[in-house]
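Trainee: Please model the complete structure; the sequences and the hints are all you need to start from.
Read off the chains here:
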Amino acid sequence: MDLLEVKNVKKSFDELNVLKDISLSVAEGEVVSILGPSGSGKSTFLRCISMLETIDGGSMSYCGKTAVKEENGKPVYVSKRELTDIKHTFGLVFQNFNLFPHYSVLKNITDAPINVLRQSKDEAMKTANELLKKMGLADKGGYYPYQLSGGQQQRVAIARALAMKPKMLFFDEPTSALDPELTAEILKVLRELASEKMTMLIVTHEIDFARSVSNKVIFMDGGVIVEQGRPEDVIDNPSNDRTRAFLKKLEA
Amino acid sequence: MLIRKTVPALASAAVMILSLSFPLIQAAAEQKTFTVGFDAEFPPYGYKDESGEYVGFDLSLAQEVCNRRGWELKKVPIDWNSKDMELKTGSIDCIWNGFTMNGRENDYTWSTPYVDNSQVVIVKADSDINELADLSGKTVAVQADSSALAAFTGEDAEPENIELAESFKSLQQVGDYNSAFMNLESGAVNAICMDIGVANYELEARGGKFVMLDEHVSSEQYGVGFLKGNTELRDEVQTTLLEMLDDGTFNEIAADWGLEDSVCLNHADKLTDESSKAEKSLGEKLAVICKELVKGVGASLAIFLLTLLFSLPLGLIISMGRMSKIKPLSWLVKLYISVVRGTPLMLQLLVVFFGPYYLFGIQTSAHYRFYAVIIGFTLNYAAYFAEIYRSGIQAVPKGQYEACEILGYSKSQTFFKIVMPQMFKNIIPSITNEVITLVKDTSLAFAISYAEMFTLAKQVAASEATILPLFIAGVFYYIFNAVVAFAMDHIEKKMNYFR
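Just so you know, the protein sequences line up as chains A and B, in that order.
Position 27 of the first sequence, counted from 1, bears residue number 11 in our numbering, the numbering being contiguous throughout.
Position 439 of the second sequence, counted from 1, bears residue number 451 in our numbering, the numbering being contiguous throughout.
None of these hints come from the bench; they were simulated from the model.
Please read these numbers as outputs of a predicted model, since none were measured by experiment.
Be careful, since some hints might not be right.
To be verified - If we take Cβ atoms under 7 Å as the criterion, some of the chain B residues that face chain A in the derived model are: (1) G411; (2) E414; (3) A415; (4) I418; (5) L419; (6) G420; (7) I430; (8) P433; (9) F510; (10) R511.
To be verified - Some residues of chain A that are not near chain B, with every Cβ distance over 12 Å (derived): (11) E14; (12) Y61; (13) L121; (14) R195.
Said to hold, decoys possible - DSS-like, lysine-lysine: derived pairs with alpha carbons at most 27 Å apart: (15) B/K339 to A/K64; (16) A/K91 to A/K117; (17) B/K410 to A/K151.
For each residue, glycine too, the CB sits at the ideal point set by N, CA and C.
Mentor: The following block contains the structure:
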């Protein structure tokens, strides 16, 4: 089953067409990497499917439930109540973590499950501790975000997203704010999640990581998907000139 | 004929030239200035007329004295409460302004009395107060450190007057007679007690809205007050005044001001220089000052605490309105904030206090004075806090809101759980600034004569003829603020658990 199905998505800011016509589907257990130069629209696309931005055209559905459908050429969002349910099907990990600075690590992870999903405190704490263990942060539950390194903060952010038990996870350049050593920490976690068949959509600049982990790689430029397919095809044998130029620059 | 006519003319011309040139010659040497301090709101003795000139009976007398002595007259309007400081620092040479001698005999070097005056009671024309006995249970206003106040509470007050004052509900001190009449008109006080000369002038100027009781409270005399010990200058002025009495000029000037029935200058009165009473010791003075100030400390604290209690939450609501997406609401709030921040707090207090009567005709009660202080301060500080909240809210990164949205928090959860604690940390330094300013601003309640500490300090400074109370008040504000700064520092440290 496709967990995410996006058709003909368009988005513009004022006169600028940032997304021209994006269609994409992500199957359960699939890991999809989105590559592309800055300004190609990949982050905007991720924000659109995370519903932090509204789209100007096209349709979107999550786990078979329609969130936006196109009527008379205009996108129509379903009711707020339905959207609330749909939003629980995915989580988002930000480039700069966006942890709550005034909450401890444990509270960052448990607060939303308790107050949004109405889990019991015990249940939320149990899940949180398991997640922290998995992230290698079992002893950091009482720390505040500022006491952690960037890599540790991002792992907490991933744990916070996972605690909401989403069907899929979106990552918006999760390692761009980190140095190479800390980047490795995060990629290790992502690999682990991939091996557990977590469905993930990752905007990244890490070509090697994309090649080794993804089932599918998408190359975006100028608001459109230029090329998509298996990583060995798109990354190692790109058929499009723009893809080739971009990859060449990264290698240099 | 010709000669007879010419000689006196020549003679008088010579006299004129002499008398004109004499002061001029003096001026060339070093013309002496004679600086008269007066309350510019005390007609007909000294006030500002329609053309903006300082005029009055006393100022006319002073001018005549200067003319005769070849001095240059300087008219300096002073704050009545600060008159002793003005005199002591030498910024004025004398107080000449319907200045009551009775009860102050030993505090100044006096001329002989030149006006005999009485204290009378003014009420509204439709009032049910007809005699002094009717004042029982009523609120009566007097000017701070006026002879009316001295008549009721002074050390030399008549027992019958003290008894009368004790029957009042309260004796309210106001800064000037204009605000006294505003208080009376708006119902904040039931009667005003003041000098008969001033009362006659005010009654005439204000039309038929007020009446004077037939019964008088006490009688008293006016003199010119000099710094204690300055007998030299006093003697010069006294001599010239008596000359003016002898050639009829004095009575002419009195007639000009409608005071011919009140003046009493004569040769028989003796100058009194010897102090008959010992000065109060410093210890006694301190005791009196502290006793008075302590009364005001509670009032200052009450203003401070109640203002914070109401304005901190109100500010949050106002900042919401300011950031509202409903345009008319946000415009309205913007206007409110701009008016509050763009006008003096003192003026706002006056508007809150007198507004209900002068704008809507609502009679206010004596209690309203305190409410007006709290309402005025709260409305003012809430506007400042609102802007501080807004800056604190806008400093919370957008990513925090987005994280909340992704996690599914509701709008109110987002605000109260995530945004507000971070906002609070952001704004503590600005809040500390405002709170410290508030401590000092409580003194502005004097604008509507609310008896907080600074108002009392000024009154005691006037009645005890020392600036000590102002210093003690300063020390109090400093200590108050040290406590506030300490508390805010503690809160700031507590909020350091996150960054």
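Trainee: Hints first: check each against the structure and report whether it holds.
Mentor: Quick rundown of the hints versus the structure:
Hint status for B/G411 relative to chain A: holds, with the closest Cβ pair at about 4 Å, below 7 Å. A least Cβ separation of about 5 Å between B/E414 and chain A falls short of the 7 Å threshold, and the interface hint therefore holds. Using the Cβ-Cβ criterion of 7 Å, the hint placing B/A415 at the interface with chain A is satisfied: the shortest such distance is roughly 4 Å. Against a cut-off of 7 Å between C-beta atoms, the interface hint on B/I418 holds, since the closest Cβ of chain A lies about 5 Å away.
Of the supplied interface hints, the one on B/L419 holds, with its beta-carbon coming within about 4 Å of a beta-carbon of chain A, less than 7 Å. Taken as an interface hint, B/G420 checks out: its beta carbon lies about 4 Å from the nearest beta carbon of chain A, inside 7 Å. Hint status for B/I430 relative to chain A: holds, with the closest Cβ pair at about 6 Å, below 7 Å. Residue-level restraint check for B/P433 holds (minimum Cβ-Cβ distance to chain A is 5 Å; threshold 7 Å).
Taken as an interface hint, B/F510 checks out: its beta carbon lies about 4 Å from the nearest beta carbon of chain A, inside 7 Å. For B/R511, the interface hint holds, since its Cβ comes within 7 Å of a Cβ in chain A; the closest pair sits about 4 Å apart. The Cβ of A/E14 lies farther than 12 Å from every Cβ of chain B, with a closest approach of about 21 Å, so its non-interface assignment holds. The claim that A/Y61 lies off the interface holds: its Cβ sits roughly 14 Å from the closest Cβ of chain B, which is beyond the 12 Å cut-off.
For A/L121, the condition that its CB be more than 12 Å from all CB atoms of chain B holds, with the nearest at approximately 18 Å. The non-interface label for A/R195 is consistent with chain B: the shortest C-beta to C-beta separation is roughly 28 Å, beyond 12 Å. As the CA atoms of B/K339 and A/K64 are separated by approximately 24 Å, the hinted pair is consistent with the 27 Å bound. Proximity of A/K91 to A/K117 is assessed by CA-CA distance (about 15 Å); at most 27 Å being required, the pair is judged to hold.
For the hint linking B/K410 to A/K151, the alpha-carbon distance of about 26 Å falls within 27 Å, and the restraint holds.
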